[in-house]
Structure formats: C-alpha cells, structure tokens
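Protein chains in written order, with full-length UniProt numbering: chain A, 1 to 513; chain B, 1 to 511; chain C, 1 to 111; chain D, 1 to 252.
If you are wondering where the hints come from, they were derived from the structure by calculation, not from laboratory data. None of the hints are false.
Distance condition first, Cα-Cα at most 25 Å in a straight line; then the derived BS3-like pairs of lysine-lysine:
{"no.": "1", "chain 1": "C", "residue 1": "K26", "chain 2": "B", "residue 2": "K158"}
{"no.": "2", "chain 1": "C", "residue 1": "K105", "chain 2": "B", "residue 2": "K158"}
{"no.": "3", "chain 1": "A", "residue 1": "K180", "chain 2": "A", "residue 2": "K401"}
{"no.": "4", "chain 1": "D", "residue 1": "K16", "chain 2": "A", "residue 2": "K480"}
{"no.": "5", "chain 1": "D", "residue 1": "K61", "chain 2": "C", "residue 2": "K56"}
{"no.": "6", "chain 1": "D", "residue 1": "K19", "chain 2": "A", "residue 2": "K479"}
{"no.": "7", "chain 1": "C", "residue 1": "K26", "chain 2": "B", "residue 2": "K161"}
{"no.": "8", "chain 1": "D", "residue 1": "K19", "chain 2": "C", "residue 2": "K105"}
{"no.": "9", "chain 1": "C", "residue 1": "K21", "chain 2": "D", "residue 2": "K20"}
{"no.": "10", "chain 1": "B", "residue 1": "K112", "chain 2": "B", "residue 2": "K161"}
Computed from a predicted model, the values in this text were never measured in an experiment.
Residues per chain, in single letters:
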Amino acid sequence: MAVIWQQFLVSFQFESFFPLLAEVGVILTLMTALAAWNYIRENKFWYYALTLVYLLSTLVVVLTNDWFFFLFAWEMVTLATTFMLAWSDWKLVRQYFVIQFSGSSILLFGALAANAFGYTEIGVIDSVPLQFLLIMGIGMKSGLFLFHFWLPPIHSEAPAPVSAILSGWVVKLGYIFLLKIIPMETGNTFLFLLGLAMIIYAGWQALRSADLKIMLAYSTVSQLGFIALAIGTGGQYAFYGAVLHIIAHGFAKTTLFISSGIWQREYGTRIIYDFKDAVSRRPITSAATILSFASLAAVVFTAGYNSKYLIKSAQTPGLLTTAVFFLLGLLSFLYAGRVLYWLFIKDQDYSTFFADLKQGFNHYQIYTHDILALLTGMLGIIVVGFWPEMPGEILSTLVEKDFHLLSGLRDILIYLGISAYLFYNNRGFKVEARGNLSLENYLQLFLNFLYGLSRKSVKFDTEKIFETFFYNAIFNASKKLHDFVYQDFTMQLLWIPIFMIVLLLWQQIYSYF
Amino acid sequence: MSWMNIELILLIVLPAGLAVIMYFSSAFNQRARNSLAVVGAGVELYLVFSLFIFNFEAVKNSDFFLQSTMGYSDSPFVINFAMDNLSLLFSLIVTAVVFLIVIFSTQYIRDKENRYFALFFLVLASIQGSILTADLFTLYLFIEAITIFTTPLISFNKTEKTTRAAMQYLFYGITGGVFFFISIILIYFNLGTLKMAAVAENFGLISTPMQLTIIIFFLLAVLIKLGIFPIHFWLPRAHSACPAPISALLSGVLLKVYLYIFMRLFWTMIAFDFLVELHLSAFVLDLALVSSLIGHVFALQADELKKMLAYSSIGHIGMILAVLMLNTEAAFYGGLLHIIAHMLMKSGLFLSSGYLLRTTLSHHIDDLKGIGHKNRLVFISFIIICLGTIGMPPLIGFVSKWFVLLAFLEARHYFGAFVVGAGSIIALIYYLRYISQAYETVKTESKTLREELISLKAFFKSTNIMKNVIYLFTLLIIFFGLSYKIFEMPINTAIFELLNPQKYIELVLGG
Amino acid sequence: MFTNLVFIILFMIGFYALVMKTNLIKNVIGLNLMEAAVFFWVISFSDIGGEVAIHKMGEEMTKFNDPVPQALTLTGIVIGASTAALLLTLIIELNKFSGTIDREKIEGLND
Amino acid sequence: MEIPTETQPEVESLNKLMKKTLISVVLAGVAFALYQNFSLMPGYEGLNVGLSNYIIESGLKDTGSLNLITAVLYDYRAFDSLGESTVIFGAVSGIVLILSRKMLPVSSKGLSFIVKRTLGIMTPFIALFGLYVITHGHLTPGGGFQGGVILAAISIIFSIVYGSAFDYRRYSPQTKTALETGGALTFLGLGLAGIFMEGAFLHNLGFLTAETGTLISAGSIPYINIGVGFKVGAGLAIIFYSMIQKTFEEDF
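Just need the whole structure built from these sequences, with the hints factored in.
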C-alpha cells in the first residue's frame, strides 16, 4: 500500500505548463461549483461530493506522468461527470457512459500499446502510428472530428453547471494529454487537418443553430479545432497558443454555459430569438455574455485574441495562411456576433432602458453566487487578454512577443463591417429552431440513409431508436447466433465427440496447416 | 508420525463430519443449526488462515510445504496430501468466500436446511480435498464427488426447469468423469503410479502418442467441467437454476477450483512443455478466447438475470484460461489476480441477485422493473460489482483486467487483448440493460438514501445479514481494488510454485 | 488388439445411445455402457494370465494379476452406480413434471 | 414461404436421416481416432512395474489381509473408500432431497402365497450369505460393497413379493438412515482412531491383528468392511424406496 502511494506521489510532474493548467482547472471547477449552488436543487450533497471527486481526479490527470494513474483518474473523471448528468436525465447518463466507455477502451488499448513499446511514462512519443492510435483514443472522449457527434446533444441537454464542466474543462483533458505526447518540434499533420475540419464544420453548424446551448456546444467543437490545429502545427509558439487557448476557451465557455443556465431560468427558453430586454433585466450576465463571446470571436484585449494570434503566427507565413486564418476568424466572429445580434440588438427596445434597469424586474432571482462565478470568468478573460505572459514563469517568453494589436483591431473592424452587412441583409441568419437534437435523431437519419440506399425511407420509432440500436439490434444478432449454436439436445451432446475427434487427431490436423 | 500436519486431513474431514451432523439436524432449532454452520465454516477458515499466519515467513520465502501421509509412509503408492503456496492461496480464498456464502445461506434457505447444509459441507469437503490432494485417483474421486453433491443442490427448488438443468449437468459431468478415469488408468498402466509427483518425474518416459492421448483425455475432462465453448451448454442452465448461494458457489468458487486442477495437471504434473511440443497450447488458447467472446455475446441475449451472469462467467473463465495458457510470469500474475477478483465479484453478483429476485415474480428481465428503487442500497452494491466486472478503475476488476491485458500485450497476442477489451464493452452493454430496467418505473418514495445509510448502523442485526454479506462483498471489491498489492506476495510465491514444479516433486517424493 | 476393439465397440455403442436415442433412460444406459466399457478394458488389459490377487492359505503363489486396477475399478463402479441412481431420480422427477421421458418432447431442454 | 403441410413429415424425416448420418459419421470418426490412439498402447508389463510389485510382496505382511484387493481398498487406499462411502452418503441424501414425498407407498398385494412362503424360508440364508461376504472380505473374494448390495437386494425382494408396504413396517426409513450413518461413522471413527493409535489417518490398527487367515485378522479391515456393508445396504435400500414412492395424485 505504501509502495503504491509513494509511486503515486512520485508520478506527479510539476514541469512545463501543466501546473498552470491545473490551477486554471481548479478555478473553473470552483466557478461551476458557485454557479451550481442555486441551480442544483436536490441532493446537493451528492452533487458536491461528485464535484470533489472530479476535481481531485482532474488534477491527477493533468499532473501525473504514470499511465496507470492517468487512466485511473480519467475514468474517475468520467464516472463523476457521468453521474452529474443524472441531475438532468438518466437517459443521458446511459448514452454518455456508453460513449465514454468505448472511448476509454480505445485509449486503454493505445496506452497499453505505448507501454508495451517501451514508453513506460507519459512523455513525448516519437512513433507516428502510436501517436495516431492515441489520437484516436482521445478522439471519442474529447470530441475530435467525426467522433464529435455525441458532444452537442449531450452538452446541450446537461444541467448548466455540468455543461460548463464538460465543455469548459473535461473535453480539454484530451488535448492536455496530447500536449504531453506530441513532440513540440514536429507536430502531427493528421491532427492539423482534423482541427481544420472541426473549425469549419462545427463553425458552420454553430451559425445555423437557433438554440443557445446547442450553438455553444457546436462552438466548443469549433474552438477545440483551434487547439487541435495548434498542437498539430508544432513549434513553440503553437504550443503556447494551444495552452493559452485552452485557458481562454475554458474561461469563456464556462462563463457562457453558466450564463446560459441563467438565461434559461430567466426566459424559460433557449431559443435566442425570444430574448427581450436582456441587458436591463440582468446587466452583469449580459456583460459576461458579451465579453465571453468577444473572447470567442478573438476581439483584441480578450484572451481569445492572444491565443489565436499565437496560433496564427506559428504557421508558415504566406498569403494562403493569411487568407485561411482570416476566413476562420470571420467564421467564429460571425457565429459569435450573430448570437449577440439577436440577444442585444435586433428587435430590442432601449427607450425605457434606464427606468427598467432601476426598477430591476427580473423573473429569476439574482444570486450572489452566480454573479461571483460570472465575475471570476470575466476577470480571467480580461487578465489573460491583457497579460498573456502573466501566469508565472512558464509563458514568460511571451513578454517579448509582439501581438500586433493594431492589425488585430483592423481585422475586427473589417469583420464587424462584413457581419453587419450580412446580418442586415439576411435578416440575421434567422433559421428555424431544430427539433430536439439527440443521438436518437442522428441514428434515425443514419438508418434512413441506409434504408434509402435500397428503398424509400421508413419511419422509425425515434423514442426507442437508441435502445434499438444499442440493444435490440445487437441482441437480435446474438440471439440468432445463440439459436444457431443451441440446436436440440442431440446436437449439443454431439459437440463432445466432435471435440474429441479434433483433439485426438490434432497432430494430423495440425500438420495440414 | 505425521501429527504435525494433521490440519490437512482436518480440513477435509471436518466439513464431512459437519455434514453428517447437519443431516440429522432436523431436530435442532433454526438458530442452533445456523450457528453450527457458521461456526463450522469459521473454524475451517481459521484453520487455513492459521496455516498462513504461522507459516508466514516460509510462505514469504517460497519454501512453505506441508505434507500428510496416510498409512504406510514407506510404501510407494500411499495417498498423501500436500500443500504448497499455490494450494494455500486457493484454499484460503475459497474458504473465505465459502464462509461468506454460508452466512448468506443461513438466512436465504428457508426449508430443508438440514439436507441443504449436509450437501453444502460435503461440497466444501470435496473442494478442499481436490485442492490438497497429491494423488491422481483421489483427485478423480473428489471431482466426481463435487459433481454428485452439487446435482441435488441444483435441483433444490424442485421445478421442471431445475430438474432439467440438474440432469444435463449430470450428463456432461459424468462424461467428463469417464474421460478423467481413462486418463488416470492410462497413466497407471504406463507408469505404475498414481502419485502426481512421481508421474511428473517420469512423464517423459511415455511414448509421444500415449502422452497425447493422456493429455487429450485430461483436457476433455477439465474443459467440460470448465464450460469452454463447444461444450458449455450445461453451464448457464445449471448456474441459473439453483438457489443463489449455490449459484455463487458454482460460478464463483467451483470454476476456480477446476482452474486450479487444470494448473496442477498441466504445470505441476505434466510439464507445460509437453503441451507446447504437441501444439496443443495454441489450440486451447484460441479456443478459450473464442469461448470468452461467445460467452459475452450470449450474455447479451439472455433474458434472465442469473442466466446472463452465468454466460458472463463463461466469458471470464475463457479469458483466465487463455491468459494462463500464455505461460509467462505476467500472465500467471494477471490470471491468478483475475481468479481472485472474479471469485469475489461473481459470488457477490449472484448473492445480490438472489436477494433482489426474492421479491420479483420471475427472473425475467421484464419483471425486474423498479427493483432498483425498492432495494436501493443493495442495487447500488450490485451496480458497483457490475462495474467491477466490466473493469472500472477503483475496483479490483480493473486491476486484474489491466494485468491480463498487459500480459497479452507483452506476449504480443493482440487477439487476446482485443477479446479482453471487447468483452468489457459487451459486458457494459448487457449490464446496462438490466440496470436501466431496474430504474424503469417512477420511484416510490419510501426511504431516503440517507436513512438507509444510517440504518447501516444496525450492521450486526440478524435481519440484515443477507444485505450485510452483499455490502461486505462490495467493500471487499473496493478495498482490494485499492490495495491489490496485498495479493502480490501470495500470488508471486504461487507463480514460483507453478514455474518450478521440481520443488513440489522433490518434496512430495522425498517426504 | 482384441481388447481394444471390444472396448471401442462397447464405448461407441454407449456413446451412440447417449447421443442419438431420445429416450432418457436409454441415455443413462448408454452412459453406463461407456463406463462399463472402460472398466472392462481396465480389467482385461491388466490381466496378464495370473491368479486373482488373493493368497490361499498354505500355498505359495507366484503370479498374480495386478490388484490395484481392480480396486480402482471397484471405486469407479460405486461412483457410476451413485451417478446412475441420481440420474434416474432426476428422470423420475422430470417425468412427473412433463409426463414423458422422451427428450425431444420435453420442452426447454434445448434452449 | 409456407411449406405445404404434406411435405413436412418428409422434410422432417429427411432432417432426421441427415442428423443420423452426421452422428454416425462423427462416431465412426471417434472410433477411428480412439483405435488409432489405443493401438499404440504398449503391452502391460504388469508386475514388473513398481507399485504392484510392492503389494504382491508385502501386502500380506503389512495388512494381514489375504485378499489383496481388499487390502488396497481398505488399507493402502482407505481414504478413497472413505470418499466413496461419502459419495454414497451424499447421493442418498441428494436423492432423498429430490424425491422427498409426504406419502408412503401403500401397496400390500404382492405376489402369490407360494412365493411369499418360499421367500420366507429363503430370506435368512440370503442374509447369511450377505453377512458372510461382508465379514470375510479380507479372506475371500467380496467385501463391504458387494455384501451390502446383497443385503439391499433382500429389501428390494421384499417389496416385490410382499408389496411395498411390508418393508416399511419392518424397518422404518429412520432405521435405515441410522444404519447408513452408523456405517459411515464406523469408518470415520476407525480413521480417527488411526490418528490417535498409529499416528496417521486411517492407519491400520495393529493391535487388532490376530493370526493371518482367521476371521479376526487384518487389523481394522473387517470392521471397516462391516461398516461399509451396512452403509451400502441401507443406502441402496433408501434409494430404491425413494424411487418407488408415489403421491396421492398419481394412481398406484
């Protein structure tokens, strides 16, 4: 016992930027804990117990360099967050658990393979196939492209503080792991391409969603794409950019999800077209929302600008790079700006603004805990935005880095112009709110597609489609196999002599092969 | 002469004598009979444990060896009992789990207890005998005895289903026994001895085709008893038909005893090199892996809770057998650890399923609706143990599966690693099916979780004994999961025993 | 070799009755026939043309048949008898439930 | 898709034929494989191998039993025999467990008067023969198991000739159970006595040995024989009577 404890303590690694990331993780968890104080009404004790378990195990995941404790702690993270989903719906628990468990199985396999090939500690892995295996392993857990399908439904259906935890920090654990194993000098081209695909695809989806939480979930995937791209690029500044972006996006997305919970309680809806008088009802939440979206859209003097600038500057300079990054920035600006446009500008009446503000009418009570959480998030965004080198000695080289704030300002102004033009001419990209986004629906689409290949589409019972896929389909297959093996009793007994023949004549049979 | 190691005989004779007393205990009152049963099993546990404690230094240095000879110690064919580290490990864990099962069944079995306990203790005696014996024919006798004693226990509930299950169990069991007998007789005719150690010394003298025949009949016999794929048909029925403690005994304990016999036969008695030379080891390895996969797949479609658990036993046993067939030190470590883990987990699962199913109409999945709300804490224990079998971290199942996987990867056997991983995923799906069914209905608010936790204070209340045994299993699984290093020393010494059969042979023949 | 041949023929008849016949009693007979074949083989194989291994008072015997296989066979027979009795008991019980001893007509024997 | 009903029996019989062919082929294969393996068995050299030699040479001296098979069964490998009787004990209790009925068999018809009287004269002689086989197990062919079976046969003949109720009135099941357990406990007691007197479980008790060839020779072997004889006889009788029991619902 003592030995394993010692091993556990020794495995901690306080080098590089991981202590910084661990600190940020603690701050974010505290933010969600504050926000949950009034959001979670029943079984509060169990919620906070799970949060504690989650907090301790994330620290281990970030800091340890022992494969065993790493996987162990990550499973604990998964378990804790899985059961947190129970405050919303047990169905989510089931789905999330199945998905996370299949993800960790791949990861476990990858980790064992790495272990078997001589990487006894978590560290830089040079072998490209192993890198690929491990990227696939974290793919399901961290929502890499093509494995991200579960992320929007589950992150949007979860209770707001849990969404904040999941979207703000849990999905980033995979990228922190990648920071440890991908060599800084070379990067990984595959990861780069994945990241690019994620940014574009999920950004487009975020632009097309009317539901605030679904939009946030898609934007998470899109922003994770920047991190993947940065790690895939390789190079010192790209890695710094990735770290900074993990922090920046962590603060922004945690704040946004917490405030989305507040908006939901305030208006009773998540559709962004229905929000009226937002600023006068809840000024601080509005400010937090605006600031966080600004960070997502990489406005200067927010955290998001610095990180994205670092990522951009790490690329090989050229016209193509400039153009591509300009467009990527435009995409994030568009989807962030669109929400702000609908929330605060379009169809809003500011004529009685100050009177309303003074009167302070609001549907959902303003709690100090919530405000504290939001202020922490805003503080984080502003601090990282003004002093990217601030946190300790780790990123100290960034002091010398020139962030070209003026060109950033110029870009923002251009984006603002373009988006204003687009919004006013296209009625603010108003799209119909999609029906409930869920894994069942995906499954139905997929099955319809398969059926459509052969004949016309069939109506499925969407209620049961998830069960159908995960249970009945598999069960029927196994039932068929079972019925095939289980013929009548005669045949069952006949296996004994057949087995006997095979064994008795094994030498002859073996010599044939 | 051999007064010193009389414990070895006592370990076998004590439960047998207790069985005779139990048989005539219909005049006793409930309490006296139950306490007698618990005390008897406790004394058995104390005996084994004292052997472990008093010889701790010897066990640690891998020179622990006890031997008891019956009758003429100078004659070459006398029956003797021997205990080395491997037997000690198995004897210890088996007795400990059986002790808990006895406590559970004192409350669970409500009629014909005298016959039940008589047969139960006879099974215990035969298990101890087959673990301790160093003589082939006595081993055969004990294996047959286990089959005969468990059959009436399987049909204990006396319905059509249980009778059918017991009948099939017996058909397969006897066939296996006949094969075992053939093998023993062939050995006797070739070598003129029945002592395992003497056989081990001279096995190379037999001609190769004869070796093959002997090994094959042993393999057939043991594989039938283990329920490996093409001849597994009896296992799910038998293990699901009987009362819960007997299911736990069969699935949790007996299958491991057969694994022990397998190890004794193919590592101590017949050196494993013979299996490799005859190309049989690879065949058995692949067969066990296929069996493991198929066991898990069949568990998916099982609509009865206990049948599902029985099928998952097939999966786990196949995996353990496969990993043992790798014949490396890491493989033995993973295999033995998983034997211990699976023994605890499957016994716990069957016991808790027995507790849960007492109030339902049938064992069918449709009738399990809402049992999670009715028996909250018990069902939570059930879920925890399920997670253990799947391989969730803080539990012992994870640790053992981890070492099994490591062993497969170290041997570069990727199919095995795949089967272990796939088995976990499939297990997750079939356990979730039952768990979600258990929470299907809207909960009826009777007791809050806090109240139930407070009621844990009444731990030693006799009304709670069944629940407490289940909680104890859960706690053990969590505890050993965190501190699996406890088993490191006993397992390593047992591995030493497996890899150096020469020591056993010399000590048996020399003493 | 004649002994082997007889053993295998008996064993196979037993096996055939066990696997092919649907009457459960015949299956038990088949199983016992298998056992009997093995016992027959053991006894006849260990027969080297000597006397039964019983000393006669006042006579000096030199050539005995090996008594150990006989003793082992005796044990085997007793176990076989116990198992056969148990099986027959179960068949009686099954007959009470389903009214037949034809295993094709007993439902649920196959799943 | 539906198969016409007329062809169904044909299909079924065809299936059956296929199955039969398959089984025959498989069994022929097993026979072939077995023959191939067993024909390679070397001839049995018998007495030249160590173990048997020892019994022939010193069996009589060690145990004092003329019958060397009995010597092996009840002395050298007495533990096996103890296990065996435990197996019978377990099988009996299992069968009683499975077949326990409240009703006793009531059938007092039996066979004709002549058979009944004849059997009345015969019974003591059968019992005598059984007891002889049991007690002379160490001197002549026979022993506890064989004699016990003869004793059980008396009980079975009674139920056939006098009707199944007869034997119950003479010897109640409790008596038989007591006899059976008494036999087992005799065996166990002699084994434990071996520990205390000679230092090993089931060791032959030397002080009981008289001159070789007499009835009271061979140490504890005759006593074990008696115990086993009663045990087996009572056990088999219990099994038989459990099997012929019927309930009210069934006609008899």
